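With the hints as your guide, set chain X onto chain E.
Line by line, the protein sequences are chains E and X.
Each residue of the first sequence is one higher than the one before, starting from 1 at the first, in UniProt numbering.
Each residue of the second sequence is one higher than the one before, starting from 1 at the first, in UniProt numbering.
No incorrect hints appear here.
Treat identical chains as interchangeable: a pair holds within one or across any two.
DMTMM-like, lysine to aspartate or glutamate: derived pairs with alpha carbons at most 20 Å apart:
no.	residue 1	residue 2
1	Lys382	Glu355
2	Lys194	Glu293
3	Lys408	Asp419
4	Lys408	Glu391
The set of hints was computed from the structure by calculation and includes no laboratory data.
The structure displayed is predicted, hence computed values, not measured ones.
Protein chains: 2
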Amino acid sequence: MPISGFPEWMPPQRIIEQNVVDTIRRTFELYGFAPLETRAVEPLDQLLRKGETSKEVYLLRRLQEDPASGGGDDALGLHFDLTVPFARFVTENAGRLHFPFRRYQIQKVWRGERPQEGRYREFLQADIDVVDRDTLPFHYDAEMPLVLADVFRSLPVPEPRIQVNNRKVCEGFYRGLGLSDTDQVLRTVDKLDKIGPEKVSALLVETAGASDAQAAACLALAGISAADGSFADRVRALGVSDPLLDEGLEELVRVVEASAEHAPGLVVADLRIARGLDYYTGTVYETQLRGYERFGSVCSGGRYENLASSGSERFPGVGISVGVSRLLGLLFGQDALSVSRQVPTCVVVALPSEERRRDCDRIASALRSRGIATEVAPSAAKFGKQIRFAERRGIPFVWFPGEPDTVKDIRSGDQVEADASTWLPPDGDLAPAVAAR
Amino acid sequence: MPISGFPEWMPPQRIIEQNVVDTIRRTFELYGFAPLETRAVEPLDQLLRKGETSKEVYLLRRLQEDPASGGGDDALGLHFDLTVPFARFVTENAGRLHFPFRRYQIQKVWRGERPQEGRYREFLQADIDVVDRDTLPFHYDAEMPLVLADVFRSLPVPEPRIQVNNRKVCEGFYRGLGLSDTDQVLRTVDKLDKIGPEKVSALLVETAGASDAQAAACLALAGISAADGSFADRVRALGVSDPLLDEGLEELVRVVEASAEHAPGLVVADLRIARGLDYYTGTVYETQLRGYERFGSVCSGGRYENLASSGSERFPGVGISVGVSRLLGLLFGQDALSVSRQVPTCVVVALPSEERRRDCDRIASALRSRGIATEVAPSAAKFGKQIRFAERRGIPFVWFPGEPDTVKDIRSGDQVEADASTWLPPDGDLAPAVAAR
Chain E
1 MPISGFPEWM PPQRIIEQNV VDTIRRTFEL YGFAPLETRA VEPLDQLLRK GETSKEVYLL
61 RRLQEDPASG GGDDALGLHF DLTVPFARFV TENAGRLHFP FRRYQIQKVW RGERPQEGRY
121 REFLQADIDV VDRDTLPFHY DAEMPLVLAD VFRSLPVPEP RIQVNNRKVC EGFYRGLGLS
181 DTDQVLRTVD KLDKIGPEKV SALLVETAGA SDAQAAACLA LAGISAADGS FADRVRALGV
241 SDPLLDEGLE ELVRVVEASA EHAPGLVVAD LRIARGLDYY TGTVYETQLR GYERFGSVCS
301 GGRYENLASS GSERFPGVGI SVGVSRLLGL LFGQDALSVS RQVPTCVVVA LPSEERRRDC
361 DRIASALRSR GIATEVAPSA AKFGKQIRFA ERRGIPFVWF PGEPDTVKDI RSGDQVEADA
421 STWLPPDGDL APAVAAR
Chain X
1 MPISGFPEWM PPQRIIEQNV VDTIRRTFEL YGFAPLETRA VEPLDQLLRK GETSKEVYLL
61 RRLQEDPASG GGDDALGLHF DLTVPFARFV TENAGRLHFP FRRYQIQKVW RGERPQEGRY
121 REFLQADIDV VDRDTLPFHY DAEMPLVLAD VFRSLPVPEP RIQVNNRKVC EGFYRGLGLS
181 DTDQVLRTVD KLDKIGPEKV SALLVETAGA SDAQAAACLA LAGISAADGS FADRVRALGV
241 SDPLLDEGLE ELVRVVEASA EHAPGLVVAD LRIARGLDYY TGTVYETQLR GYERFGSVCS
301 GGRYENLASS GSERFPGVGI SVGVSRLLGL LFGQDALSVS RQVPTCVVVA LPSEERRRDC
361 DRIASALRSR GIATEVAPSA AKFGKQIRFA ERRGIPFVWF PGEPDTVKDI RSGDQVEADA
421 STWLPPDGDL APAVAAR
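Isolated chain E (complex conformation) (with noise of 0.2 Å):
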């Protein structure tokens, strides 16, 4: 039976993630980021050292184990994002890296949560990281839309739209503005698009002490977004000012034009994300598909001054986390990706006899040996059978043994002599196609 929030893909939907997969994998690997795996399993105290995840974690205990004994401190329970792992694997390893060190990672994480419509318990994530010893250099927050926006120009998915804000901004203008729990305006602030403008107001005046004029002005901040550096002379004009508001700002510039440049009308300024409940301290950032805003995010990140920290070394961090099944999940529930067929297959050797089948087999080698996918047919039924076996399947090539050999596009119905040493489909049937529908 299937367990709800634990999804599975039938092969051809599987056959679209490994293509989306390769195909993050790829840009990640044209920046230079470097590959790494960590376990599925972490210390619970290692999970646990943010607090406010604990309902989410599943804990492991060996069936033969005393069940008195699961949940000490030296249990072990399954990872629920890639951050927690990838800041332990940095300290235990710190001095066998080579920093900055850039990292992609690309697992399933899971949550115990109560699954509900788009949340999974178990899931798979692709994250990027740049992280270093003591300070890392700004730049790399500028980098990271860039390597999100060519991710998503590869994907055959809708377009993105790329969110950028910088918690000093925000803190610094709530700041200025005289607030001093600028975290529960934060908190509040976030609430926009659930809860609507007036409810945040009414929320900032009795929560975190603003007056009304002070929750216009947040309001206000957060209603500002522009696609280039337009936005702070925006916020600027808000009458607001800070140091901290004039480094944020400052920083949110350099991101979004050096993305302006390199992915025009894909990076926004958007003051109204803020990431309420992370650990980020500067650049925050948010992906939205057009036509799936409703769905939230499939792609955020930030930068940490404190990715992780072993005694008096402090390592900062930027990077970024993309939703794979949830992306995946959102378009496979509107249909929103084909494949042009169900397996690799591109060849299907159809077999006279039973007793052709050693040559049919030397037939599907040489194929192979070229890199063209191939089947010989499981049985020696009539042709038409042996046909209808690829047509089902989408497998685009059935070679008939001869002399000479002769190989049919059975799409089109197109048949011509073939050598299998010699023959080569067209390049877009070399591997099964995925595209947007």
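Chain X in isolation, oriented as in the chain E frame:
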């Protein structure tokens, strides 16, 4: 801290692992196996169907859950192989699959065993299986070693010795010899490598009711191996006759002869191979690497007449499983593999000054757009330091912006004029190269 039994590779080893997995996957796809991934968890009762593996299972429980409720019928455990989940997937989705169904599956599995040398608690497996309804033609048994031979020929590993046997040969022979508890004989003969022929012989007499002559005949059978069909005559020369033995010999000859043509010398019939504890019913496979025989099999599998069943439906199958972590653990342990660099990066663009970063980013973009993995130097340090940044990571090229730009192969010191829109590295430098050391 490292956790015993949960290996983590450093990035250079992870590059090797990815390279190996990519190669395995490419070979599987050339044979038309479709990709599948199943969830990491199965209901406990699924995992315990075979009974004997109960001690190996990791159970899951949510941190906030009542510990007493764990372990019930609806408890979830991590899969300990890829066969159990695949069998469950097939029966669950039989109506939506095309049979014969060929799938590959490359995933982590978990076993809660005491870790020991070469044994992991978390490890990567790469499986292929062909499964059909009711009956599965025998020729698929002959295909498995061909796939394996192609996998190993494409990997930078020592030459494999793919050993094949057939349960029907052993069972028929023991029966024809007059021994009725053939399972016990099989289990005992399977200990040959561990305890030697004298003790096996004594055990056969003690526990399987064999006479000394019968025990000697069993050992004689186990001593036969050949890279061609000649083993059949040697078996017949032992003077035992039984219809199941004849059937098994005929099958085994077909497998060995097909293999001998495709991959001369790699596949041998070895009549001591038993795969004692598994549910195989015909052909069985094991694979050892030359020089690593003492570590046992890195890839095994076989034919099961009843991979899965659902009501009156039966699904016979044949498959093999490559122990990727086990294979790499062995080879890493002997330092037998090398990789040409520690990062995907092929080119570092040197940064003359921080003001020139945008220009350097443009050069990097131009190179990436043509598939060349590129990083811009982290800071405008002296060029000597920037070159060392590349050197330490094994990155072969440093690009110097100028009029004109130049690119330097830092291994040879050769520096030439270059244009980012046309320059290409030698093919062998495009990606990290993995090789036997």
